[in-house]
Amino acid sequence: MYDDCRLAGNQRYKAKDYRGAIEAYSSAIEADPTTPAYYTNRASAYMMTSDFKSAVADCSKAIELDPTLTKGAAGLGGNSLAPSPPPHLLTSSPHHLNSPERGRSLQHIGAAYVRKAKALLAQGNTTDAIAAYTQCLVKDPGNAQVHVHVCDVHT
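Take the sequence shown: its letters are residues 100 to 254, numbered as in the numbering used here.
If you are wondering where the hints come from, they were derived from the structure by calculation, not from laboratory data. Hints are supplied without guarantee of correctness; some may be wrong.
[As the list claims (entries may be wrong)] Using 30 Å as the maximum straight-line C-alpha spacing, the simulated DSSO-like pairs for lysine-lysine come out as follows:
| hint | residue 1 | residue 2 |
| --- | --- | --- |
| 1 | Lys152 | Lys115 |
| 2 | Lys160 | Lys113 |
| 3 | Lys160 | Lys115 |
| 4 | Lys113 | Lys152 |
| 5 | Lys152 | Lys238 |
| 6 | Lys160 | Lys238 |
[Unchecked claim] Here are the in silico distance ranges between beta carbons for each label pair:
| hint | residue 1 | residue 2 | range |
| --- | --- | --- | --- |
| 7 | Ser125 | Val237 | 18 to 24 Å |
| 8 | Glu163 | Thr226 | 16 to 22 Å |
| 9 | Lys115 | Lys152 | 17 to 23 Å |
| 10 | Asp116 | Lys152 | 17 to 23 Å |
| 11 | Thr133 | Leu106 | 32 to 38 Å |
| 12 | Ala230 | Asp103 | 34 to 40 Å |
| 13 | Ala230 | Gln110 | 32 to 38 Å |
| 14 | Lys152 | Glu129 | 16 to 22 Å |
| 15 | Pro166 | Asn224 | 19 to 25 Å |
| 16 | His253 | Gly119 | 35 to 41 Å |
| 17 | Ala130 | Glu163 | 14 to 20 Å |
| 18 | Gln222 | His246 | 20 to 26 Å |
| 19 | Ser153 | Lys115 | 14 to 20 Å |
| 20 | Arg118 | Ala243 | 31 to 37 Å |
Just so you know, even glycine gets a beta-carbon here, dropped at the ideal spot from N, CA and C.
Given these sequences and hints, build the entire structure.
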């Protein structure tokens, strides 16, 4: 049931029916509120509708459920369950999380932290965005792209 909802959410997201994706991911969360990926997917859909407050809340919930986000979290970029946030929210490409040399587990580390930071920046909350990026760097200190995001915030 909840996997069907997730798949429906993914299809709606890809079709740019973001409100429909939010509804489908919400159904998946209702059926299984313990899966961080559902929250990170819904956060992406919320970001596409400019509902940044809800995106931050969903990312925070995903982090609460799994602070490492190494199991079941949606990554960023080509292999994610839902595509990355809108291009105007990205200061640089998030595809580093999908590079083969980093391995599958690192692909998911920090997805919720990065999405949360981007949503916080969209709300004008630079201090908390930097804190979210910093939390991501604690999980993956060699992540050059997150370092670039932090530098972009400071400029």
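Hint check results:
no.: 1; hint: Lys152 to Lys115; in the structure: holds, 20 Å
no.: 2; hint: Lys160 to Lys113; in the structure: holds, 23 Å
no.: 3; hint: Lys160 to Lys115; in the structure: holds, 24 Å
no.: 4; hint: Lys113 to Lys152; in the structure: holds, 22 Å
no.: 5; hint: Lys152 to Lys238; in the structure: holds, 24 Å
no.: 6; hint: Lys160 to Lys238; in the structure: holds, 17 Å
no.: 7; hint: Ser125 to Val237: 18 to 24 Å; in the structure: violated, 30 Å
no.: 8; hint: Glu163 to Thr226: 16 to 22 Å; in the structure: holds, 20 Å
no.: 9; hint: Lys115 to Lys152: 17 to 23 Å; in the structure: holds, 21 Å
no.: 10; hint: Asp116 to Lys152: 17 to 23 Å; in the structure: holds, 21 Å
no.: 11; hint: Thr133 to Leu106: 32 to 38 Å; in the structure: violated, 18 Å
no.: 12; hint: Ala230 to Asp103: 34 to 40 Å; in the structure: holds, 36 Å
no.: 13; hint: Ala230 to Gln110: 32 to 38 Å; in the structure: holds, 34 Å
no.: 14; hint: Lys152 to Glu129: 16 to 22 Å; in the structure: holds, 20 Å
no.: 15; hint: Pro166 to Asn224: 19 to 25 Å; in the structure: holds, 21 Å
no.: 16; hint: His253 to Gly119: 35 to 41 Å; in the structure: holds, 37 Å
no.: 17; hint: Ala130 to Glu163: 14 to 20 Å; in the structure: holds, 19 Å
no.: 18; hint: Gln222 to His246: 20 to 26 Å; in the structure: holds, 22 Å
no.: 19; hint: Ser153 to Lys115: 14 to 20 Å; in the structure: holds, 18 Å
no.: 20; hint: Arg118 to Ala243: 31 to 37 Å; in the structure: holds, 35 Å
Of the numbered hints given earlier, the model fails hints 7 and 11; all others are met.
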